[in-house]
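K.L.:
Take a look at the letters that make up each chain.
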Amino acid sequence: MSILDQIHSLGLSLPAVPAPIAAYVNCVRTGNLLFLSGGLPIDGDTKVIGKVPSAISVEQAKEGARLCILNRLAVIQDEIGSLDKVKQIVTLNGFVNSEPDFHGHPQVINGASELLVEIFGDKGKHSRTALGVAALPLDVAVEINLVVEVED
Amino acid sequence: MSILDQIHSLGLSLPAVPAPIAAYVNCVRTGNLLFLSGGLPIDGDTKVIGKVPSAISVEQAKEGARLCILNRLAVIQDEIGSLDKVKQIVTLNGFVNSEPDFHGHPQVINGASELLVEIFGDKGKHSRTALGVAALPLDVAVEINLVVEVED
Amino acid sequence: MSILDQIHSLGLSLPAVPAPIAAYVNCVRTGNLLFLSGGLPIDGDTKVIGKVPSAISVEQAKEGARLCILNRLAVIQDEIGSLDKVKQIVTLNGFVNSEPDFHGHPQVINGASELLVEIFGDKGKHSRTALGVAALPLDVAVEINLVVEVED
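Residue numbers (our numbering), protein chains in the order written: chain A, 1 to 152; chain B, 1 to 152; chain C, 1 to 152.
Fair warning: there could be bad hints in the mix.
Which copy? The list can't say, so a pair holds if one copy fits it or any two copies do.
For lysine to aspartate or glutamate, the following EDC-like pairs were computed, each having C-alpha atoms within a straight-line distance of at most 20 Å [claimed, not checked]:
1) K47 - D101
2) K87 - D5
3) K85 - D122
4) K47 - D139
5) K85 - D5
6) K87 - D122
7) K123 - E79
8) K123 - E151
9) K125 - E151
10) K85 - D152
11) K87 - E118
Hints in this document: simulated from the structure, not taken from any laboratory.
Here chain A stands alone, though its shape is the one from the complex (with noise of 0.2 Å):
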């Protein structure tokens, strides 16, 4: 099964690829590695928008932390072709809208993690860091970049 049909059989679809929302582009490829820039919880009219935990709850913002993924893949797929391509997720930064007193930055990062996991197997575990920042672009409260791997 293709890493799409995958994404297909859990109910998901790739969004359109995000605009860059100033003077950066979505993904630099240096030989075998993507370094994917920040994805936003952003598909159209739906943005998951807010501080957690007092302006959204940590399973919005989990949810928050999926939409930042299935439009990265759509950056990945428009850069590589096929996610079929992808040979390894490296690591992933995930950065969460806090309030200074919340500390619950990876029960909502795992919204990407797992995500990752369910699509992509063994080549969709990578290493990650979760915090919390004062605030975020938009007021997203979630944001998210990749370094993956991809095939020749």
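The hints should help you fit chains B and C onto chain A, whose structure is shown.
P.N.:
Here is chains B and C on its own, set in the frame of chain A:
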């Protein structure tokens, strides 16, 4: 025209290579990749200080982001001898010293991104993560690190 | 002298390899690079907790940064079999659980940087980004991730 000439044609010049303010080095090369330390908006007596936007405006912080890039370029030149050997700016992380309710981090970091494209053209087009952090060393307004691919 | 002997000669030892606290792995290798997950200052019942400097001092947080490095080294040894195969510590990101008006992040992260140089000598000299974040998982005082180049 060399990259250094291009910098001069923009009315800019490279500052002195900054001394790391602690027990680390400015840059490490691995293969054809340079991993640069986080650069601060400091050049001699010029220091772009303060939390955005309460203590310093978006425009001033954006100027700080440009200054970070200029001293990062000084580091690259010092490391590889010439900026003409830069093959691609791969990725940039821009950390803004941010009030919890500020969301204009992309505008601030555009100071860095736009300057890289003005200087390097397509080679300056990078992936990027911009976000707001609780505090930065020396209370600077912005801190930026880079991964850069260089010629053999 | 082996790196492990050097660690012991400093009166230190490697802790157990920590279990990731969520759905990710401690380390992914791509080519000759290891990308390590963010490590926390936890070793058994020892946990370096709290926001700096209101709940925990700079000196205590610096000790936490050392502890992060020791468990990152345990991860590296587990991944590649021996710390003697480390070719270069490439880059380090140090995130301090920071009050908004604290600016001494370099002093905290020096606990990590200085220890790497004590242990690895020139191979331990890395590029670095140190900054203050709003909150960290489990309310730890500091979180550190690394990119490390290893021998073939």
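K.L.:
Next step is simple, just say for each hint if it's right about the structure.
P.N.:
Against the structure, the hints:
{"no.": "1", "hint": "K47 - D101", "in the structure": "between (24 Å within a copy, 17 Å between copies)"}
{"no.": "2", "hint": "K87 - D5", "in the structure": "within (17 Å within a copy, 36 Å between copies)"}
{"no.": "3", "hint": "K85 - D122", "in the structure": "within (14 Å within a copy, 25 Å between copies)"}
{"no.": "4", "hint": "K47 - D139", "in the structure": "within (10 Å within a copy, 28 Å between copies)"}
{"no.": "5", "hint": "K85 - D5", "in the structure": "within (14 Å within a copy, 40 Å between copies)"}
{"no.": "6", "hint": "K87 - D122", "in the structure": "within (10 Å within a copy, 27 Å between copies)"}
{"no.": "7", "hint": "K123 - E79", "in the structure": "both (18 Å within a copy, 17 Å between copies)"}
{"no.": "8", "hint": "K123 - E151", "in the structure": "within (12 Å within a copy, 23 Å between copies)"}
{"no.": "9", "hint": "K125 - E151", "in the structure": "within (16 Å within a copy, 23 Å between copies)"}
{"no.": "10", "hint": "K85 - D152", "in the structure": "within (8 Å within a copy, 24 Å between copies)"}
{"no.": "11", "hint": "K87 - E118", "in the structure": "within (15 Å within a copy, 34 Å between copies)"}
In this structure, every one of the numbered hints holds.
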